[in-house]
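Sequence order for the protein chains is A and B.
Here our numbering is used: position 41 in the first sequence is 78, and no number is missing along the way.
Here our numbering is used: position 68 in the second sequence is 88, and no number is missing along the way.
No lab work stands behind these hints: they were computed from the structure.
Incorrect hints may appear among the rest.
[What the hints assert, rightly or not] The following label-pair restraints were derived from C-beta to C-beta distances:
(1) Ile-274(A) - Asp-105(B): 37 to 43 Å
(2) Lys-195(B) - Pro-549(A): 28 to 34 Å
(3) Val-359(A) - Gly-119(B): 58 to 64 Å
(4) Pro-549(A) - Ala-208(B): 53 to 59 Å
(5) Arg-74(B) - Thr-193(A): 42 to 48 Å
Quantities reported herein were computed from a predicted structural model and do not represent experimental measurements.
Ideal placement from N, C-alpha and C gives every residue a C-beta, glycine not left out.
Residue strings, one per chain:
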Amino acid sequence: MNRLVEWIEHRSGVFGAVKRSMDRAIPSRSRWGGIWPSMIGFTFAVQVITGIAMWMYYSPSAQTAWESVYYLEYQVAGGWLLRALHHYVAQVMVALLGLYVVWMIVVGGYRKPREMVFWAAIVTGLVGLALLLTGDLLSWGQNSFWATQVRVKFLTLVPLLGNDLFKLAAGGPSFGHHTLTRFFALHAGVFSGIFLALLLVQRSLLRRAEDLEVADGDGGVPYWPNQAIRHTAGWVIVVLVTGLLVGRHALIGEPSAVSQRQSMGVGLGAPADPADAYAAARPEWAFLGLYELAHIFPGDAMPVLGVSWKFVPIFVVPGVLVFFFLVVPFIGKGRVGHVFNVVTTAVLLMATVWLSMKTLAADRANIGHQEALAAGAEAADRAVELAQAPAGIPPSGALTLMRTDPKTQGPKLFQQHCASCHNYLDAAGKGIRAEEPSAPNLHGFSSEAWIKGLLDPKQVAGPNYFGNTAFKDDEMVHYVRSTLKELLDDEELKETFPKMVRALAAESERNPGEEADEETVFLFEDFGCTDCHKFHGSGDLGSAPDLTGYGSHAWLTGMIGNPAHERFYGDENDRMPAYAESADKPAENILTAEQIEMLVRWLRGEWHEARGK
Amino acid sequence: MANPAQSAVRGEKTSSPPERRRGFLAKCIAISLGLLAYAAPVAAGLVALLNPWRQKSEAGRVLRMASLDTLPDDGTPQKFPVVMDRVDAWNRFPNEPVGAVFLRRTEGGVQALNIVCPHAGCFVSFDTQQQQFYCPCHGAHFAPDGTRLDANSPSPRDLDTLEVEIRNDSEIWVKYENYRTGIPQKVAEA
């Protein structure tokens, strides 16, 4: 064993190098103040470990980025913890870099011989922000997509070069596959590589400065083991803080910003949809100060220059700040300069915190923002629910799941096209409310309960049925209020009435197997339905909607397509538009066949639900 | 140089036993804290890395392959694609060709052979002139019933037969399995 060690030591010198490194003298005043670089190095090491492990699963393309992250988060053992660690340690890393710079300014750690150490820390911090920005996009969720796109589009503010710079950053004229491949290469390759190189430069600069200080009469103490304990304790603190951030939702019961279901990890937003802007998109906390600052400046052009005022907060202010920090060592040579540095830094720090808090407070008070957040969380949950369904994620990606999901698309389409007249409200009054209802409430349309209400003399002219419509004094209302009431005085008919209601509900084909037979048709004749309505072989079209297949998929598709068709309201159709009148010219229709399909399936309650819900 | 911390490290010749013990304790603490800090990321990374061991193959299902009258009476093998849902990590591809089998009539019924050569996993083809299977990768030959024909065959075993079931007198159902290649034993991929 000893001979093997000697053999290796003779040829590599590795053990000697480690021992020299451990026994190296460091300035005796280092102590706890000297652990910053070590903590930052530790966070980066964690990022490399967790990042490479995630790399084994990540697939950067618009159809696979979200999907592969979903797979890691929900299907791979330990995947959620990996993502959570990488995400939160990144935040801790950027925070430590900021605090390190501030600490150096406060204690004068930027002064001779440590100027270059200070500069290295500043550049490392900037690369850390670049890592944060490029990493944020990779999950390709709604927030990561929209928040990143907004920030990258700021490049177009640059005079003359703006558009070219944007294309260069995005990899093309718009966000897509090429943006993900580019950002992934920048994140995992370029910026990580630069960051590592900067850490090594910083370390050698720091050692040089420490050697100079020790030689300058400080005396020095050995690094090993007492200072090493402080360093490793710093690492443990990083892990503990990260653990608190990861588990805070579970620990203090605070609901996750992304979703309730995903309260343990970092969560995963709904898959990015370039056609559906995410209204609650916000940058990460480290950029919030600039985000708020940008709000103060108007978007119009500055006089003479012709460049937008937004150029100032987004490029000039950060540029000036970086310049200030770079010249801090020169300003701070004397006592007055040092005080100036400390005061300026404190003011800047407070301003940043104040601006960030202002944004957060404004968002908390903004009901629209809160609603957008809630809608985003709901969509995120739904995306995961659909991805976990037996049908799985199609090759075209999870966005297809969302776009063909009646539960997701139905309410949006209803809100846009139907809710000017129709309500969609459950018994508790929750749902979509029309501003001026002039048509029936479609919640549960053609279900047994809905039909029972329609045939109830007290309800038929109420707000859920004909009350708000042009037909509130029409034949159907009269029939329910007088004819049907009289018919129900008959014992036999009273007994068969529920059967008739059930038979009509069965026409919607929600429960297969209940088909109308000759006896059912007689039943409808007994109640006089077929005097106006057609029902299978009995009655005629033209005077009232066809009850054959009432509320079925085909019936609803036809009704939405053209309510003035003789099968539905014919000439008596009041105001409902024909959403797909021409079958042969789909381009002329208000709604596409796919949109009507989404609406119909949503109205019929046909969508995937996870078991146990 | 009279710093106590320093003498605790370097002072193996000079320091007293309690100081040496304190130095040893400090070293243990430093190493334990370092290991503790790295435990979570390394553990999470390793568990995720080894996740493939938890995953199972989707094969082993009984599939309807063909109708009996599509097979020639003379026992010549016919190739049929195997179509089933294919799961690839997060994606599910419905009804995709995932492989193929050769079916042939025998005296007792129908024999099914997996198209995969047991040597290195290439697909064999049937040469109707020579009436034998041929693997293009390393030149193995097999008889129509799957037995090896070469004196020194590259293949460690005969072509893999699959379980066949005739339903309703005419439907050929096959239990589709893939077997590990390169070994003499027939072991299903799991």
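We went through each hint and held it up to the structure:
1. Ile-274(A) - Asp-105(B): 37 to 43 Å: This hint is violated: roughly 49 Å between Cβ atoms.
2. Lys-195(B) - Pro-549(A): 28 to 34 Å: holds (32 Å)
3. Val-359(A) - Gly-119(B): 58 to 64 Å: holds (59 Å)
4. Pro-549(A) - Ala-208(B): 53 to 59 Å: For Pro-549(A) and Ala-208(B) the Cβ distance comes to about 39 Å; the hint is violated.
5. Arg-74(B) - Thr-193(A): 42 to 48 Å: 47 Å Cβ-Cβ, so the 42 to 48 Å window holds.
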